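Asker: Below are the chains, spelled out letter by letter.
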Amino acid sequence: MARILSLADAVGEVVHDGDTVALEGFTHLIPFAAGHEIIRQGRRDLTLVRMTPDLIYDQLIGAGCARKLVFSWGGNPGVGSLHRFRDAVQNGWPVPLEIEEHSHAGMANRYVAGASGLPFAVLRGYTGTDLPAHNPNIKQITCPFTGETLTAVPALNPDTTIVHAQQADPAGNVQVWGITGVHKEAVLAAKRSLVTVEEIVDELRPRPGAMVLPGWAVTVVAEAPRGAHPSYAQGYYDRDNDYYQAWDAIGRDRDAFRDWLTETVFNNTATAGGGTR
Amino acid sequence: MSQTASARPAAGYTTDEMMSVAAARALRDGTSCFVGIGLPSTAANLARRTHAPNLVLIYESGCLGAKPDRLPLSIGDGVLADTADAVIGVPEVFNYWLQPGRIDVGFLSAAQLDRFGNINTTVIGDDYADPTVRLPGAGGAPEIAASCREVFVVVRQSRRSFVERVDFVTSVGHGRGPGDRERLGLPGAGPVLVITDLGVLRPDPHTRELVLTDVHPGVEVDAVRAATGWDLTVADDLGRTPEPTERELTALRALTAASA
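Here the protein sequences line up with chains L and D, keeping their order.
Quick note, in my numbering, the first sequence goes up one by one and the last residue is 277.
Quick note, in my numbering, the second sequence goes up one by one and the last residue is 537.
To be clear, the hints were calculated from the coordinates, so they are not data collected in a lab.
Treat the numbers as computed from the prediction; the structure is a model and nothing was measured.
Treat the hints loosely; a few may be bogus.
Computed list of lysine to aspartate or glutamate pairs in EDC-like fashion (alpha-carbon distance at most 20 Å, straight line) [claimed, not checked]:
#1 L:K139 to L:D169
#2 D:K344 to D:D362
#3 L:K68 to D:D404
#4 L:K139 to L:D159
#5 L:K68 to L:E98
#6 L:K68 to D:D407
#7 L:K191 to L:D45
#8 D:K344 to L:D238
#9 L:K139 to L:E100
Heads up, incomplete: computed chain D residues facing chain L, CB under 8 Å, no partners named [unchecked claim]:
#10 G307
#11 T308
#12 I314
#13 I352
#14 G417
#15 F445
#16 L509
Negatives, chain D to chain L, calculated, CB over 10 Å [claimed, not checked]:
#17 D293
#18 E294
#19 H328
#20 P330
#21 N331
#22 G339
#23 G342
#24 G454
#25 V469
#26 P482
#27 D491
#28 A503
#29 V511
#30 D513
#31 P519
#32 A531
Idealized CB from N, CA, C, for every residue including glycine.
Let the sequences and hints guide you as you build the complete structure.
Answerer: Here's what the structure looks like:
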């Protein structure tokens, strides 16, 4: 049964220096509050894993938490580039960032293999692209039945996966609805997991199309209202598109970014989400 | 409708609007389309609002049959999930729907596109480890370009974007020429149509090189050549794109206004 902790205690328990950590959420339910808590706790040398590193990883990278990024698409959706990510890759600021780059199909299948307890996943993918030349974790494999050449990618088994969800009950059963991305696979692939939720309710009411993560499959749950802001939580609040627009100017400038860190992350110990602009 | 070739300012509509309208027209009603965000999403949603109300829009966030009433701002916009026939996990999108070849058209954009329709969205520059510009990366595109029955590309045309050879092959078009897709075992036909703000290009059936087959109203061939980083071949029977209709422009502007 998942234990229910405060956000600070939960992050302190599941994220340690040097860990491989996946914060997932495909545009929807991105765990910003937990990401900011990782920054506040000063974690270093993390290998950050995420299909779509957007603002949350720009913030973690800019704060110097990461030494490596494993990903398949890095940008500010609908706005442009991630400037802290680019500064780290191109200039090593504030610390050098190693990258391991995949496609979405490859990353999704790596989580599936991890959740399935298998060493690798097989897909038709990457063929003819320049990605395998720069990534030793993409290899060809021959089908033992048909002889077809396919692609193999190794399982992803993060030390910790963190996702955000709408609701949990007191036993730590989690209910998620709307776009669920790779929530299930990323949680089941991980050695430890933290699910932050909008609210803890007495009893989960079944919803059409919702996914339930049983409490015994989750390590810790923490209540974090608006914990996905500036992304959205279906049924609770909409995406804060202005925040994504405003981030472009903040992320572009090292000093503006430092000021943002101080004001929004370090001077804000509440469990609220991405803070205000 | 006027089809004059005289150079004139695009009266009443912009070159981007012409591009979106031309791209929308290419989508057939009743087919399924794997939609990239940005220009492809605009065109696909316009098609649903005009001649293709039964176009099935598939977004990699897991939204099958999305029917948004405004342009989604990202591939995971809540309006997509709210209006979809089904919302599924991301592994299922790629493994169950895309990989087996169930989807008719993959609709992509590009930072760089070369004469064989190969797409780069990864890095600009010769050195992957030390790029001139770091782009977002692959996302779903490599497998969309491989496995959809056909690929349409919509991209603004310039010497920066239309290059002899992409700096990095993120998604394979026609490789280095005839037979490359077959040799690689890529199941789909690859890029069959490239729609830009200047005109339309299609691969030559024999050389697989992209050839200019249509120009938009008011665009001269020399202007397209000047915006192409290779020695552009022009089709003998060069066509001219019909101007946007009032209905198309009204629908496009309603879509973009609802998203502002």
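Asker: Does each hint hold? Answer for all of them.
Answerer: Structure-based check of all given hints:
With a C-alpha separation of about 42 Å, the suggested pair L:K139 and L:D169 falls outside the 20 Å cut-off, and the hint is violated. The hinted pair formed by D:K344 and D:D362 meets the criterion: a straight-line CA distance of about 9 Å does not exceed 20 Å. This hinted pair checks out: L:K68 and D:D404 have alpha carbons roughly 19 Å apart, not beyond 20 Å. A C-alpha spacing of about 24 Å is found between L:K139 and L:D159, which places the hinted pair above 20 Å, so the restraint is violated.
Proximity of L:K68 to L:E98 is assessed by CA-CA distance (about 4 Å); at most 20 Å being required, the pair is judged to hold. Simply put, L:K68 and D:D407 have alpha-carbon atoms about 16 Å apart, close enough for the 20 Å limit, and the pair holds. Distance check on the hinted pair: L:K191 and L:D45 sit about 18 Å apart at the alpha-carbon level, within 20 Å; holds. With a CA separation close to 18 Å, the supplied pair D:K344 and L:D238 stays within the 20 Å bound.
Among the hinted pairs, L:K139 with L:E100 is consistent with the structure: their alpha-carbon atoms are about 14 Å apart, no more than 20 Å. At about 26 Å, the closest approach between the beta carbon of D:G307 and any beta carbon in chain L exceeds 8 Å, and the interface hint on this residue is violated. The restraint placing D:T308 at the interface with chain L is violated, with a minimum CB-CB distance near 22 Å, outside the 8 Å limit. Evaluation of the D:I314 hint against chain L yields a held restraint, the C-beta minimum of about 7 Å falling below 8 Å.
Interface hint at D:I352: satisfied, since its Cβ lies 7 Å from the closest Cβ of chain L, which is below the 8 Å cut-off. Interface hint at D:G417: satisfied, since its Cβ lies 4 Å from the closest Cβ of chain L, which is below the 8 Å cut-off. Below 8 Å, beta-carbon pairs count as interface contacts, and D:F445 has one with chain L at about 5 Å; its hint therefore holds. The beta carbon of D:L509 is not positioned within 8 Å of any beta carbon in chain L (closest approach about 24 Å), and the interface hint is therefore violated.
The claim that D:D293 lies off the interface holds: its Cβ sits roughly 16 Å from the closest Cβ of chain L, which is beyond the 10 Å cut-off. No Cβ of chain L comes within 10 Å of the Cβ of D:E294; the nearest lies about 19 Å off, and the non-interface call holds. With 10 Å as the threshold on Cβ separation, the claim that D:H328 sits away from chain L holds: the shortest Cβ distance comes to roughly 26 Å. Even its closest Cβ contact with chain L, about 24 Å, leaves D:P330 beyond 10 Å, as expected for a residue assigned away from the interface.
D:N331, annotated as away from the interface, keeps every beta carbon of chain L farther than 10 Å; the closest lies near 23 Å. Listed as a non-interface residue, D:G339 fails to keep its Cβ farther than 10 Å from every Cβ of chain L; the least gap is roughly 6 Å. Its beta-carbon lying about 14 Å from the closest one in chain L, D:G342 satisfies the requirement of being farther than 10 Å from that chain. With a least beta-carbon separation of about 13 Å from chain L, D:G454 lies farther than 10 Å from that chain, consistent with its non-interface assignment.
Separation of D:V469 from chain L is adequate, the least Cβ-Cβ distance of about 17 Å exceeding the 10 Å criterion. The non-interface label for D:P482 is consistent with chain L: the shortest C-beta to C-beta separation is roughly 20 Å, beyond 10 Å. No Cβ of chain L approaches the Cβ of D:D491 within 10 Å, the least distance being about 28 Å, so the stated non-interface status holds. Its beta-carbon lying about 27 Å from the closest one in chain L, D:A503 satisfies the requirement of being farther than 10 Å from that chain.
Look at D:V511: its CB is around 28 Å from the nearest CB on chain L, clear of 10 Å, so calling it non-interface holds up. Against chain L, the non-interface label of D:D513 holds: every CB pair exceeds 10 Å, the least being about 31 Å. In this structure D:P519 is separated from chain L by more than 10 Å, as the shortest Cβ-Cβ distance comes to about 30 Å. Every beta carbon of chain L lies more than 10 Å from that of D:A531, the smallest distance being close to 19 Å; the non-interface claim holds.
The structure shown violates the earlier hints numbered 1, 4, 10, 11, 16, 22.
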